[in-house]
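Turn these sequences into a full structure, and let the hints steer you where they fit.
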Amino acid sequence: MEYNEAIEILKGILKNHPLNEKEKEAVMTALGVLSWGGLYESKLKDRKSKRDKSAQW
Numbered sequence: 001m002e003y004n005e006a007i008e009i010l011k012g013i014l015k016n017h018p019l020n021e022k023e024k025e026a027v028m029t030a031l032g033v034l035s036w037g038g039l040y041e042s043k044l045k046d047r048k049s050k051r052d053k054s055a056q057w
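Residue numbering for the sequence shown follows this note's numbering, beginning at 1 and increasing consecutively.
Honestly, the hints are just simulated from the structure, not real lab data.
Fair warning: there could be bad hints in the mix.
[Stated by the list, open to error] Okay, the calculated beta carbon distance ranges per label pair:
1. S42 to G12: 19 to 25 Å
2. Y40 to I9: 17 to 23 Å
3. L14 to E41: 19 to 25 Å
4. K53 to I9: 30 to 36 Å
5. A6 to R51: 25 to 31 Å
Where is the CB? At the ideal position from N, CA and C, for every residue including glycine.
Written as structure tokens, this is what we have:
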């Protein structure tokens with residue numbers, strides 16, 4: 001599952017289901033972790049793209 005898809009599912013849970021404070025905090029923490037994972041994945045793709053471009057003459 002892609003990070004963005006998981007984030008959207010968790011946002012839907014927050015919006016559509018009644019959660020207590022601990023559950024909301026857990027979902028928000030998971031959203032934060034997934035966001036960082038998505039940023040890291042994007043950074044790796046960018047590095048690979050730059051490396052591939054520098055290898056081409």
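Hints versus structure:
no.	hint	result
1	S42 to G12: 19 to 25 Å	holds (23 Å)
2	Y40 to I9: 17 to 23 Å	holds (20 Å)
3	L14 to E41: 19 to 25 Å	holds (23 Å)
4	K53 to I9: 30 to 36 Å	holds (35 Å)
5	A6 to R51: 25 to 31 Å	holds (28 Å)
Violated hints are absent here; each numbered hint is respected by the structure.
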